[in-house]
Amino acid sequence: MGFAAGGKITDIETLKNIAREIRVLILKMLTEAGSGHTGGSLSAVDVVAALFFAKMKFNPKDPEWRERDRFILSKGHVAPLLYAVLAKTGFFSVELLSTLRKIHSPLQGHPYCRTLPGVEISTGSLGQGLSVANGIALGFRLDKISSRVYCLMGDGEIQEGQIWEAAMTAAHYGLDNICGIVDNNGLQIDGPVEEVMRIAPLHDKWAAFGWHVMEVDGHNMEQILSALNEAENIKGKPTVIIAHTIKGKGVSFFEGKVEYHGIAPTPAELERALKELE
Amino acid sequence: MGERTQSTNNPPSPPFSKGGMGGFEHRAQNTEVKMIATRDAYGEALLELGKKRDNIVVLDADLSGSTKTAKFAKAFPHRFFNLGVSEQDMVGTAAGLSLTGKVPFASTFAVFETGRAWDQIRLVICYSNTNVKLVATHGGITVGEDGASHQALEDIALMRVLPNMTVIVPADAIETTSVINAIADYSGPVYVRLGRVKVPCIMPPDYKFKLGRAYVFRIGKDANIIAVGIMVDAALKAAKSLSSQGIDTGVINMSTIKPLDEDTLLLAAKSSKLIITAEEHSVIGGLGGAVCEFLSENYPVPVKRIGIRDVFGCSGNPDALLKLYGLTPEGIVKTVEEAL
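From first to last, the protein sequence lines stand for chains A and B. Using the working numbering, the letters of the first sequence correspond one by one to residues 673 to 950. Using the working numbering, the letters of the second sequence correspond one by one to residues 9 to 348.
Rather than coming from a laboratory, the hints here were simulated on the basis of the structure. Given the structure is predicted, the values throughout are model-derived calculations rather than measurements. No residue lacks a Cβ here, since even glycine has one placed at the ideal position from N, Cα and C. Misleading hints may appear alongside valid ones.
[As the list claims (entries may be wrong)] Cβ-to-Cβ under 7 Å is the rule here; a few derived chain B residues that face chain A:
no.: 1; residue: Ala103
no.: 2; residue: Gln128
no.: 3; residue: Thr343
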């Protein structure tokens, strides 16, 4: 397969099926690797699938195409999600996914931009992606390129102060070519975000920083697409979509379980998970 | 224009013997030595670069008046981005701009640039190998009255330890101008450390900086001083004094600390009994550290490191501070005499 520039899927059922297939790829690669971040990879699948298969323009055969839309995975620990999507859109072969986290693999534990096409910047230390996204957006503006920049952040991640520095910057420079997405799954490594370090009121915070704010069910493809479309029409300010999601979404025994933030499924768990998904 | 002149203190008596690679005196004798802060030279160089190349963009974190990026900002407002007091965001934004083919120069004080934003520099500049130029001013103890919180004595160490990073400390305005032009043509992460105070122009007027190439004023038979930044001038004065006492002393400006000019360093080590390093920085991890690491593995010779000896600085006027920490020609002379 391959999604040349502008090639887009609009059929909701097809997109849902793609999201399901991506979940399967994620679980398989994590099990094979024996470590990695399961919960947050699964919670953000639907949003990222919508971006890559319905919304963004890019060309896997020409990953450096200047006018491509950019996707910055600020929550770098969900690299398996990015890798699955990049493989499925044709940046590299699906077979490569089985090398995740292994020696000499371009699929590093957290995204590394120098060895893998489609990875725009290395991430993993949290809170840094939005600043990079802003820089790209400023560059697009200087070059009069109308492409867009999407930045996926975690809800725990936005406890990092740099996110709010960048939030100020995007609003100050009126970067309406930026769309931030918060994967609001409510859990971080040490427990519920609400207990570890409250980020609420999330909507009001972003609004107070000068952003256009939308909230969606992050597993509802229609809502996701509609929000992404609306974001393109907001002028003069950046947009953030707060995607309400469930950590571990798609596998009943992972859903809402904080302990699956940073561990991979066992082979037995994989078997059970695949039965639910297939 | 940020320039003043000062008479040369010591009109050179017998012309200094030249080691075949240059000498101690490039300026005409008894003429005025220009005093220019390297940060002023940066401001001018950036402005000229901006005129020549429209892919040059500049970022600052609310210190553009001090870092002298304000000149560029005034001439090219649409290519200048003030990020406010947020160094981490500035570094990330610079990396993002570089991903669209721009050549970003990001400036603030050395303490904040390298300390506050170190993890950002590590991840989105060095690890990602983005084409970002970090040009920090107010390096070293000569920040002066503002005191220890503002005196970067660790920045070279912090930057040198990062893979893919190039680290440059120009000695004067002439070298700064050349460095800024050179790094604009080089693809990859670069850290340049500049100073606050006016310093004498000591490099030859026609000098062209070459990345990774030290400038040899002279190779000495008894001792060789490897210096960077303002300490090159101090080293030249010290060498002159030592040589007049019959201690044949050479001076090398090791402006690129990383990658180190190993060939020149080896030549200096093989030519003399003693290597002295001199820098306005901690003796740990900077030029002294780099020189010792290389020599201990490749050609062990006695080395003495001149710099700040694992303490924080303090307030005071720059000259008084240099004296307090022994970062003077007299301090170098004393170290050499004691070591030989």
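Original post:
Can B:Gln128 be said to touch chain A, with a Cβ gap under 7 Å?
Top reply: holds, 6 Å
Original post:
Against chain A, with CB atoms and a cut of 7 Å, does the hint on B:Ala103 hold up?
Top reply: holds, 5 Å
**OP:** Tell me if B:Thr343 is really an interface residue toward chain A, meaning its C-beta lies closer than 7 Å to one of theirs.
**Re:** At about 41 Å, which exceeds the 7 Å cut-off, the nearest Cβ of chain A leaves the hint on B:Thr343 violated.
Checked against the numbered hints above, the structure breaks only hint 3 and satisfies the rest.
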